[in-house]
Amino acid sequence: MHRGTRSIAPSLTGVLKIAREHVSAIIAHARDDHPDEACGVIVGPEGSDVPTRLVRMINADRSPTFFRFEPQEQFALYKQMSTAGEEIVVVYHSHTATEAYPSRTDISLASEPQAHYVIVSTAESSATDGPVSVRSFRIVDGAVTEEEIDVTE
Amino acid sequence: MSVEVRIPTILRTFTRGEKAVHGDGATLQEVLDDIDTRNPGLKERIVESAALRRFVNVYVNDEDVRFTGGLNAPTSDGDVVVVLPAVAGG
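Just so you know, the sequences run in chain order X and F. According to this note's numbering, the stretch in the first sequence is residues 1 to 153, in order. According to this note's numbering, the stretch in the second sequence is residues 1001 to 1090, in order.
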C-alpha cells in the first residue's frame, strides 16, 4: 500500500497535494481494470492546482499496454469543465506490467502541461490487495520531472 | 461573424496565450489555414500530411469531425471549433 510522503524541505521538483480518498480511488480503479490500463482525471478549479473531483474515464483501447480517453467522453468532460470553470489537475493511468514511471509513449503523447501525471503500477499486486506503487510526474516538452506526493486527510 | 476556434493549453504558445481565436472559411481546412496566417505554426500541430493528426480530436459544434468529413467538415459563421489533444499514453 502506498504511503504518502511529506515534503519537508522544498526541492527542485514540485509537490502534488492530493486527498487520500483520491489516491484510494485511483488504486481501486487500477485494480478493477487490471490487466488492462485504467485511466482518468481529477479536475479542479482553473488555476488552483487543487484536484477536487475524480472522474473515471473509459480506456477506449482496453489494452494492457496503451490507453486513450474515449473521444466523446473526453469532449463531454471538456464541456463540463468549461461550464464549471475547471481544468484537468491530475491525469492518472495504470501500468499493469511495468513500473510506475512514464513510458516513451506517455512522454511523447503528454499534452496537458498544467497537469500532474500520476501513474499507479499494479505489476506486483495484479487485481488483488497486494502492494502497488503510486508516483507523480510533470511531463512538459518531453521532459519528465518526478515530484513528491503529499497525501492529505 | 466568424468561426471561433478554442485552443487547448498546450497550443496557446501559438496564440499569445489566447484561449480562442477566430477565423473564416467554409470548411475546417479553410478555417485552420486562415487562423494559421495570424498564428503561424498552429495548423501544423493539428494537421499532418493533409489529415488530422491521430492524437488530436477536433469538434465542430459538438460533432467529432472524424465522422463529418475531417478537414472537409463544413463550417459557417458562428460555429465553434474545439481542438482537444487526446489524453493517451502507454
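What the hints contain is simulated information worked out from the structure, not anything from laboratory work. Just to be clear, a hint being listed does not mean it is correct.
Computed Cβ-Cβ distance ranges for the label pairs, DEER-style [what the hints assert, rightly or not]:
1. P1040(F) <-> R20(X): 28 to 38 Å
2. P1074(F) <-> P131(X): 26 to 36 Å
3. F1055(F) <-> G130(X): 40 to 50 Å
4. D1024(F) <-> S63(X): 34 to 44 Å
5. S24(X) <-> P1074(F): 46 to 56 Å
6. S24(X) <-> F1055(F): 44 to 54 Å
7. G1078(F) <-> A28(X): 26 to 36 Å
8. G142(X) <-> R1016(F): 29 to 39 Å
9. E153(X) <-> E1063(F): 35 to 45 Å
10. H1022(F) <-> S126(X): 48 to 58 Å
11. V55(X) <-> R1053(F): 19 to 29 Å
12. T1037(F) <-> E70(X): 43 to 53 Å
Ideal placement from N, C-alpha and C gives every residue a C-beta, glycine not left out.
How the hints compare with the structure:
1. P1040(F) <-> R20(X): 28 to 38 Å: For R20(X) against P1040(F), whose Cβ atoms are near 46 Å apart, the range 28 to 38 Å is violated.
2. P1074(F) <-> P131(X): 26 to 36 Å: violated, 54 Å
3. F1055(F) <-> G130(X): 40 to 50 Å: At roughly 33 Å between Cβ atoms, G130(X) and F1055(F) fall outside 40 to 50 Å, so the hint is violated.
4. D1024(F) <-> S63(X): 34 to 44 Å: Given range 34 to 44 Å: holds, Cβ gap about 41 Å.
5. S24(X) <-> P1074(F): 46 to 56 Å: Given about 47 Å between the Cβ atoms, the range holds.
6. S24(X) <-> F1055(F): 44 to 54 Å: violated, 30 Å
7. G1078(F) <-> A28(X): 26 to 36 Å: Violated - the Cβ-Cβ distance for G1078(F) and A28(X), about 44 Å, lies outside 26 to 36 Å.
8. G142(X) <-> R1016(F): 29 to 39 Å: violated, 23 Å
9. E153(X) <-> E1063(F): 35 to 45 Å: Taking Cβ atoms as reference, E153(X) and E1063(F) lie about 44 Å apart, which means the hint holds.
10. H1022(F) <-> S126(X): 48 to 58 Å: holds, 51 Å
11. V55(X) <-> R1053(F): 19 to 29 Å: holds, 25 Å
12. T1037(F) <-> E70(X): 43 to 53 Å: violated, 34 Å
The structure fails hints 1, 2, 3, 6, 7, 8 and 12 (numbered hints given earlier, in ascending order).
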